[in-house]
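Participant: Required output: the full structure, derived from the provided sequences and hints.
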Amino acid sequence: MVFIAKIFVLALTAAATPILPRDAATVENDITQKIGPQVQTLDNDVKGFPASGLAGALAIDNDSQSLVATVNNATIDTQNTGSFSESDATSVLQAAYNVLSTFLGTLSAITDQTAAWADFPGAKL
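Using mature numbering (1 follows the signal peptide of the UniProt record, and there is no 0), the letters of the sequence shown correspond one by one to residues -16 to -1, 1 to 109.
Keep in mind the hints are simulated off the structure, nothing from the lab.
Quick caveat, the model's predicted, so the values are computed rather than measured.
Each hint should be verified, as a subset may be incorrect.
Claimed, not checked - Estimated spans, in silico, between C-beta atoms of each pair:
no., residue 1, residue 2, range
1, D96, G66, 38 to 44 angstroms
2, N64, L91, 26 to 32 angstroms
3, T59, Q24, 17 to 23 angstroms
4, D61, D96, 32 to 38 angstroms
5, K18, A93, 17 to 23 angstroms
Ideal Cβ positions, reconstructed from N, Cα and C, are used throughout, including at glycine.
Facilitator: As structure tokens, then:
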């Protein structure tokens, strides 16, 4: 009975504890420490294709799936933040711009490799 009471108190405490608010630092960290490195990895793998062959194609697929999951989590963090100050917003936008420039280069590289992707075995499935 004492054990159940302790569990009940623990459950009430957990339920009453507010969810920690996210702030601009969390969003900036998501961009620079989570999304940025994954975009760079994807960029490196894309630029290594078609020389990397099937292993490279699989790495690109894995990289993109991981990136989508990370961006989805960062989106949740962003939606859970309050308003940013002007300086915080500027920092977040600069971090996003830096990642975006790499990502746009990745998309350009994929476009340049259209023929290689079309000729890749299994591409027409």
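Participant: Could you run down the list of hints and mark each one as holding or not?
Facilitator: Now for the hints, and whether the structure bears them out:
Between D96 and G66, the C-beta spacing of about 42 angstroms keeps the proposed range 38 to 44 angstroms intact. Range check, N64 to L91: Cβ separation about 29 angstroms, and the 26 to 32 angstroms hint holds. For T59 and Q24, the Cβ-Cβ distance of about 20 angstroms falls inside the hinted range of 17 to 23 angstroms, so the restraint holds. Look at D61 against D96: about 33 angstroms separates their beta carbons, and that is inside 32 to 38 angstroms.
For K18 paired with A93, a C-beta distance near 22 angstroms keeps the hint of 17 to 23 angstroms intact.
Hint compliance for this structure: no hint is broken.
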